[in-house]
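With the sequences and hints as input, model every part of the structure.
Residue numbers (this note's numbering), protein chains in the order written: chain A, 9 to 398; chain B, 9 to 398; chain C, 61 to 224; chain D, 61 to 224.
No wet-lab data here; the hints were simulated from the structure.
C-beta atoms are modelled at their ideal positions from N, C-alpha and C, and glycine is treated no differently.
Mixed in with the good hints, there may be bad ones.
Simulated DEER-style distance windows between Cβ atoms [as the list claims (entries may be wrong)]:
id: 1; chain 1: B; residue 1: 281; chain 2: D; residue 2: 222; range: 55 to 61 Å
id: 2; chain 1: D; residue 1: 72; chain 2: A; residue 2: 361; range: 54 to 60 Å
id: 3; chain 1: A; residue 1: 94; chain 2: B; residue 2: 46; range: 18 to 24 Å
id: 4; chain 1: C; residue 1: 82; chain 2: B; residue 2: 41; range: 50 to 56 Å
id: 5; chain 1: A; residue 1: 60; chain 2: B; residue 2: 281; range: 39 to 45 Å
id: 6; chain 1: D; residue 1: 82; chain 2: B; residue 2: 310; range: 41 to 47 Å
id: 7; chain 1: A; residue 1: 51; chain 2: B; residue 2: 281; range: 32 to 38 Å
id: 8; chain 1: C; residue 1: 138; chain 2: D; residue 2: 72; range: 40 to 46 Å
id: 9; chain 1: A; residue 1: 362; chain 2: B; residue 2: 241; range: 58 to 64 Å
id: 10; chain 1: B; residue 1: 397; chain 2: A; residue 2: 93; range: 43 to 49 Å
id: 11; chain 1: B; residue 1: 54; chain 2: C; residue 2: 92; range: 50 to 56 Å
Residues of chain B placed beyond 12 Å of chain C at every Cβ, according to the derived structure [said to hold, decoys possible]:
id: 12; residue: 94
id: 13; residue: 166
id: 14; residue: 168
id: 15; residue: 177
id: 16; residue: 290
id: 17; residue: 336
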Amino acid sequence: ATAAVAVVQTSFAKGLQIGIPQISDDPTKQMGVPPGKVGTRSSFEKLAKNASDISSRSPLQDLYGTITPSDLHFERHHNGVPAIDPAKYELLIHGLVERPTVFTLADLKRFPSVSRIAFLECSGNFRTGKETMSPQEICGLTSQSEWTGVLLSTLFREVGVKPGSNWFLAEGGDAALMTRSIPTSKGWNDAIIAYAQNGEALRPEQGYPVRLFLPGWEGNTSVKWLRRLELGDAPWQTREETSKYSEGIKGGKIRQFSFDIDARSIITFPAYPVQIQKGWIEIRGLAWSGRGKVSRVEVSTDAGKNWKLADLQEPILDKAHVRFRHLWQWNGSETEIMSRVTDETGYVQPTFAQLIDARGADTGGYHFNPITVWQIKPDGRVLNRPENFR
Amino acid sequence: ATAAVAVVQTSFAKGLQIGIPQISDDPTKQMGVPPGKVGTRSSFEKLAKNASDISSRSPLQDLYGTITPSDLHFERHHNGVPAIDPAKYELLIHGLVERPTVFTLADLKRFPSVSRIAFLECSGNFRTGKETMSPQEICGLTSQSEWTGVLLSTLFREVGVKPGSNWFLAEGGDAALMTRSIPTSKGWNDAIIAYAQNGEALRPEQGYPVRLFLPGWEGNTSVKWLRRLELGDAPWQTREETSKYSEGIKGGKIRQFSFDIDARSIITFPAYPVQIQKGWIEIRGLAWSGRGKVSRVEVSTDAGKNWKLADLQEPILDKAHVRFRHLWQWNGSETEIMSRVTDETGYVQPTFAQLIDARGADTGGYHFNPITVWQIKPDGRVLNRPENFR
Amino acid sequence: DPKVDSLPSRFGLGKPATIAQITPLDIDVRPDGQGLPAGSGTATTGAVIFAAKCAACHGAGGVGGPNGSLVTTTPAPGKRTEKVIGNYWPYATTVFDYIRRAMPFSQPGSLTNEEVYSLTAYLLTANKLFDEKAVLNAQTLPKVVMPAQKLFVPDDRKAGPEIH
Amino acid sequence: DPKVDSLPSRFGLGKPATIAQITPLDIDVRPDGQGLPAGSGTATTGAVIFAAKCAACHGAGGVGGPNGSLVTTTPAPGKRTEKVIGNYWPYATTVFDYIRRAMPFSQPGSLTNEEVYSLTAYLLTANKLFDEKAVLNAQTLPKVVMPAQKLFVPDDRKAGPEIH
Ligand code: HEC
Ligand code: HEC
Ligand SMILES: [Ca+2]
Ligand SMILES: [Ca+2]
Ligand SMILES: [Ca+2]
Ligand SMILES: [Ca+2]
Ligand SMILES: [Ca+2]
Ligand SMILES: [Ca+2]
Ligand SMILES: [Co+2]
Ligand SMILES: [Co+2]
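The structure is reproduced here in structure tokens:
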């Protein structure tokens with residue numbers, strides 16, 4: 009049915025407005041919504057992070073390609089998201105430097121800038137325990153953005169970092185006053201003082217107005233709401249790099265400053281909670297490495313007996329989520345499917361058992377990157393195959 | 009001052025909620041907002057498209073990197089944005105095919121998929137006339153996304169396109185029933201039936217749930233809200249490819265089916281309305297070509313006398329916006345700054361005068377890609393240098 | 061490319077389209093007349109419909125109006141000629157196709173085929189391209205000769221250094 | 061890289077940081093005691109403050125509570141040992157630094173240095189790492205020996221095929 013529309017005598021714009029009120033079941037016969045200042049998300053799309061008291065997880069199974077929509081970027085913070093007025097924002101750099109300096113946000117934006125597409129993953133990104141777990145629940149604490157900011161090396165030169173500085177402290181301006189010790193070499197190498205994400209200012213949940221971004225390193229080190237950098241000669245041994253973000257390894261030892269994110273992949277389709285049908289299925293997933301580029305992703309559709317090369321979507325970027333795809337014809341019989349990534353250093357994503365074997369059963373959920381196995385049931389249900397530490 | 013907070017006896021979550029109400033001027037002394045299901049944009053960031061009755065323009069001068077936030081992607085539609093229920097959505101492919109077929113959205117998503125980061129530009133993306141024009145006003149009808157969908161060639165094989173088909177008609181399901189004739193070769197080559205944008209479903213303004221996406225071609229051909237493809241042997245000569253989206257050239261001729269987007273660049277900083285200060289300035293902008301990759305961008309800071317190579321942000325992708333940057337030390341004297349791109353085919357972005365010389369003064373605003381010149385005034389104001397057709 | 065090599069010839073997705081599904085959507089009209097429906101119209105009838113449903117936006121007689129002229133006029137001295145059906149449109153069939161799919165702008169899809177034939181006849185006549193007494197139908201419409209047709213050329217731009 | 065070549069040694073952006081700007085922010089404490097403020101505290105005083113401001117979340121005596129124990133306990137049979145200050149934290153200075161910056165969780169930054177010294181003394185004592193009668197201050201705190209310190213090793217993972 010067409011909408012009842014008053015023909016407007018004078019202007020096109022008025023015609024549009026009068027044309028909208030009545031909802032038609034044939035959109036071709038009713039004027040649509042005029043162009044707007046800000047676009048919308050279809051009300052048919054129900055996208056949500058999985059939120060707990062301390063984090064919220066990206067819905068990996070619902071995402072396409074490699075960019076995470078900014079409002080679905082995972083969150084992990086230690087006492088909530090602060091509200092920071094960008095006009096009052098300041099970054100202090102001091103300690104082992106020639107010229108202790110305070111930078112406003114405008115100052116930071118005037119420096120030469122860089123952009124890079126890279127993932128950010130919390131090193132605590134692992135959950136197991138039951139069959140009815142989605143990719144989001146298993147490892148939704150990873151997301152990808154195009155980050156823009158000034159290289160920290162540029163600021164290091166500006167303030168004159170002294171030769172004796174081997175570590176620096178990064179401190180957030182949140183209620184947790186988050187602090188991490190970072191080797192100064194990472195600052196010289198590729199650290200970014202980031203103020204933008206996916207084309208716009210950082211979102212508050214990701215550190216607005218300024219965060220540290222350390223490509224390929226465990227997310228907690230990319231300190232958000234950055235207020236201060238102190239250059240020093242030794243690590244500070246903050247609570248986050250001792251009590252937390254450290255992991256038990258063999259011989260009763262505890263590994264700390266384990267910054268690099270080991271290579272990982274996960275099939276995001278088909279995955280719980282979808283139910284599949286017989287026939288052609290494009291297995292899809294994400295693969296990444298904190299140590300460089302993804303070299304290959306292999307997929308097994310017969311419970312790990314045989315592995316086939318998946319297709320990798322170009323461009324394959326350094327320290328970035330890569331989308332992999334592999335065509336599979338499911339004949340309806342029960343099986344298990346899984347993926348494993350190899351990065352450019354030759355590291356091959358291990359199984360759960362291999363990780364426990366290497367680290368001992370006392371290791372926790374940090375830097376735990378095992379192959380995720382999906383059980384395919386004869387009725388097409390796809391279930392996680394939980395594996396437990398003990 | 010710290011907020012008055014009742015210490016909660018029982019749970020962490022309650023503690024958070026009770027901690028929030030009072031606004032503090034020191035965010036480090038007040039619990040922040042807990043993790044959420046959907047992230048937010050800082051209320052300090054005022055990002056908006058510039059909307060008219062028929063289009064709305066991306067705020068190029070406010071964007072970073074190369075990805076356009078989906079809600080700031082430009083809009084151009086011919087009778088508004090339709091509301092389409094994805095569960096009722098169907099794509100019909102018929103005409104010169106072996107098997108006329110109807111695909112649901114779920115069908116389309118089951119096919120092998122591809123993702124690519126590419127720009128989309130309206131071929132009518134040119135405005136001039138006054139000094140107080142921002143990049144958004146001059147050429148804000150270009151945006152960039154990571155698009156995901158199924159290759160049209162995959163669907164062509166599925167329906168069995170017959171050898172005699174040289175053109176196909178793409179028809180939208182909007183109130184304008186937008187139609188364009190497209191060479192079938194483009195369909196075989198790189199056309200995408202896209203259902204996702206920057207990681208999530210297409211936004212309604214960009215064609216939800218399904219659009220055609222033709223990399224490098226004038227935006228109007230990437231028909232949104234796609235409902236039908238008819239394969240035929242000759243173009244349909246629709247209103248949009250005759251009365252519109254055609255341009256006068258020399259000898260009184262009218263060019264049509266001018267699909268490729270010619271290479272273009274624009275300095276987005278410094279640009280109206282910013283006012284600059286003496287000292288180091290990173291000149292920033294975007295460059296792109298519908299014919300392939302950007303080879304180089306040159307910048308002149310002395311009104312076109314000398315040109316220097318700008319730095320191009322990697323990765324430089326095919327038919328994609330590339331971010332260029334160039335360091336300049338402004339000494340406070342009046343000058344003009346501008347950029348010009350060269351693409352991998354050797355095409356060099358022309359001046360306004362060169363375009364008029366090649367096409368005649370009767371040409372209109374379609375495919376009009378001249379070098380944009382910014383006047384730098386001694387007080388630091390940056391103004392467009394308007395050039396007029398006659 | 062491993063994917064292309066392993067692509068099956070068909071995935072078996074989608075459903076065969078029936079005539080009943082195709083017909084209501086298959087509304088396009090081509091320059092050779094393919095797609096034109098049965099029915100006919102005249103400029104005289106079209107004039108009445110135009111005054112009622114179109115003139116508010118396109119001006120009395122298709123000249124002026126807030127949404128642009130549809131009929132050729134002599135431009136005022138120093139002004140450009142407005143690009144309209146009579147001087148810019150290369151095919152008469154496009155007038156039928158476009159009006160049927162998109163007009164009136166506020167009630168798209170509301171016209172009968174007879175009304176569209178009559179409106180097309182009226183606009184062609186007003187542009188001096190069709191005899192005001194003649195009947196417009198699937199046979200006569202494709203034969204209307206449009207003055208602008210000879211001006212249209214395909215894209216002459218090429219990759220490479222030359223500016224077009 | 062043309063950009064790096066043409067980088068000036070400095071851009072002259074930002075303002076020199078004054079002592080008045082640095083001091084309030086420079087609250088970090090290092091294992092060698094650098095950053096510890098004047099003042100002191102005792103476990104006895106700490107016990108009172110802890111009961112008032114901390115026990116609701118961390119349990120009476122720092123054991124149990126909705127936000128986790130802070131004091132070593134013998135695990136129930138078959139359960140893992142909880143990782144707390146006494147058995148897992150490698151440096152005592154971290155206790156001071158963390159409490160001062162982040163606790164109490166609902167009122168971060170609200171404690172005086174004296175209170176933080178006393179709470180640190182209390183928690184170290186409860187973990188049997190510090191004498192309940194002793195005074196904790198900038199001199200004594202860095203000397204507290206933490207049992208877990210010898211367990212900590214830097215990252216032994218390497219690029220390449222080996223699994224760590
Ligand atoms: C409420 C306003 C409105 C009414 C009523 C209306 N039109 Fe239009 N018409 C428009 C607008 C707006 C456009 C331009 C649409 C676009 O460019 O996407 C247009 C475009 C056209 C064009 C194409 C012009 C060109 O040169 O490309 C034709 C032909 C046309 N209308 C015919 C008609 C006829 C016939 C009717 C009546 C049956 C009608 N219009 C009623 C607003 C209207
Ligand atoms: C309203 C709840 C609450 C109150 C009150 C509270 N804490 Fe906490 N405390 C927490 C939470 C939650 C954490 C974990 C924070 C995190 O991991 O980011 C924590 C962590 C700690 C830790 C680190 C534990 C570890 O093993 O890493 C210490 C030490 C601590 N609190 C001491 C205190 C002291 C001392 C007080 C009182 C002055 C106090 N807390 C008051 C909630 C509270
Ligand atoms: Ca955090
Ligand atoms: Ca494959
Ligand atoms: Ca359109
Ligand atoms: Ca340069
Ligand atoms: Ca047809
Ligand atoms: Ca310090
Ligand atoms: Co670690
Ligand atoms: Co064109």
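Kindly confirm whether 40 to 46 Å is satisfied by the beta carbon distance between residue 138(C) and residue 72(D).
54 Å, violated
Could you see if the CB distance from residue 54(B) to residue 92(C) stays within 50 to 56 Å?
Roughly 53 Å apart at Cβ, these two residues keep to the hinted range, so it holds.
Is the claim that residue 290(B) lies outside the interface with chain C correct, judged by CB distances over 12 Å?
29 Å, holds
Should the hint that residue 51(A) and residue 281(B) are 32 to 38 Å apart at their CB atoms be regarded as holding?
Given a distance of about 35 Å, which is inside 32 to 38 Å, the answer is holds.
Outcome of range test on Cβ distance (residue 362(A), residue 241(B); 58 to 64 Å):
60 Å, holds
Evaluate the condition: distance from the CB of residue 94(B) to the nearest CB of chain C exceeds 12 Å.
16 Å, holds
For residue 336(B), which was marked as not at the interface, is the minimum beta-carbon distance to chain C over 12 Å?
Non-interface label on residue 336(B) holds, nearest chain C Cβ at 27 Å vs cutoff 12 Å.
Taking 18 to 24 Å as the stated bounds, is the beta-carbon spacing between residue 94(A) and residue 46(B) within them?
Hint holds: Cβ distance 22 Å, inside 18 to 24 Å.
If I claimed the Cβ atoms of residue 60(A) and residue 281(B) lie 39 to 45 Å apart, would that claim hold in this structure?
The hinted range 39 to 45 Å holds for residue 60(A) and residue 281(B), with Cβ atoms some 44 Å apart.
Determine whether the non-interface label on residue 166(B) survives the test: each CB of chain C must be over 12 Å from its CB.
6 Å, violated
For the pair residue 82(D) and residue 310(B), does the Cβ-Cβ distance stay inside 41 to 47 Å?
43 Å, holds
Can the suggested window of 43 to 49 Å be confirmed for the beta-carbon pair residue 397(B) and residue 93(A)?
46 Å, holds
In summary, the structure is inconsistent with hints 8, 13, 14 and 15 from the numbered list given earlier, while agreeing with the others.
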